[in-house]
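*Asks:* Here is what each chain is made of, one letter per residue.
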Amino acid sequence: AQKVTQAQTEISVVEKEDVTLDCVYETRDTTYYLFWYKQPPSGELVFLIRRNSFDEQNEISGRYSWNFQKSTSSFNFTITASQVVDSAVYFCALGAGNNRKLIWGLGTSLAVNP
Amino acid sequence: DSGVTQTPKHLITATGQRVTLRCSPRSGDLSVYWYQQSLDQGLQFLIQYYNGEERAKGNILERFSAQQFPDLHSELNLSSLELGDSALYFCASSLTGLQNSPLHFGNGTRLTVT
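Protein sequence lines, in the order shown, are assigned to chains A and B. Count along the first sequence from 1, then add 104; that gives the number in the working numbering. Count along the second sequence from 1, then add 1066; that gives the number in the working numbering.
If you're looking for bench data, these hints aren't it; they were derived computationally from the structure. Cβ atoms here follow ideal geometry from the backbone N, Cα and C, with glycine treated the same way. Keep in mind that a hint or two might mislead.
As the list claims (entries may be wrong) - Quick list of the computed label-pair ranges, beta carbon to beta carbon:
| no. | chain 1 | residue 1 | chain 2 | residue 2 | range |
| --- | --- | --- | --- | --- | --- |
| 1 | A | V128 | B | R1088 | 33 to 43 Å |
| 2 | A | E119 | B | L1149 | 34 to 44 Å |
| 3 | A | R167 | B | S1146 | 42 to 52 Å |
Stated by the list, open to error - Facing chain B, from chain A, some residues (calculated, C-beta under 10 Å):
| no. | residue |
| --- | --- |
| 4 | T135 |
| 5 | I164 |
| 6 | L210 |
Using the sequences provided together with the hints, build the complete structure.
*Replies:* Below is the structure:
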């Protein structure tokens, strides 16, 4: 079975704190793809990153970084020096096997307070 | 701006009625997806089209139907509406419709059934 678990339902931090959003996935496929999306209060979903199963290199984009670890089936997302504009719901998603549809986590709501 | 256009932005209608939601994909994208997002059920995949053909089906009710036209725009028809159909409906598009192709979402249509 394929599954994505985002155990943190809500996180609240103070501006400038670092915060890590957890994503744990399950799949028996050897080829798969992991995604993170952001949904700010305005509502639209924004694609942040895609990682394929053969590339375990961590990725950094400005204050955002992603840690992909196949050994623990995790694809965690860290925001460094968080800002109020980072307040959003963040979704992790998995694309794998013959399943044409993405498997989505339930999302983590991040509130960054001034 | 994702390049995906959804209309209308808001829709208020009564139970038993029928509505049509419209989506224009990002230029160059051949695949269109429809998602429903409600507070109690998270992000639910409804259906996917690729170049006019149905590609994958999710939790779409029989009262709902969709199609993708030759110009690649798509419509989602919701009929015999119930209170529980009140939700945010998203359209997304992707280049290839494959699992590794990131989704680009529209701003959504907020449907309220009274």
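*Asks:* Next, verify each hint and record whether it holds.
*Replies:* Against the structure, the hints come out as follows:
1. A:V128 x B:R1088: 33 to 43 Å: Cβ of A:V128 to Cβ of B:R1088: about 37 Å, so the range 33 to 43 Å holds.
2. A:E119 x B:L1149: 34 to 44 Å: At 39 Å between Cβs, range holds.
3. A:R167 x B:S1146: 42 to 52 Å: For B:S1146 against A:R167, whose Cβ atoms are near 47 Å apart, the range 42 to 52 Å holds.
4. T135: holds (9 Å)
5. I164: violated (19 Å)
6. L210: This interface hint holds because 5 Å falls under the 10 Å limit.
Violated hints amount to a single one, hint 5; each of the other numbered hints is respected by the structure.
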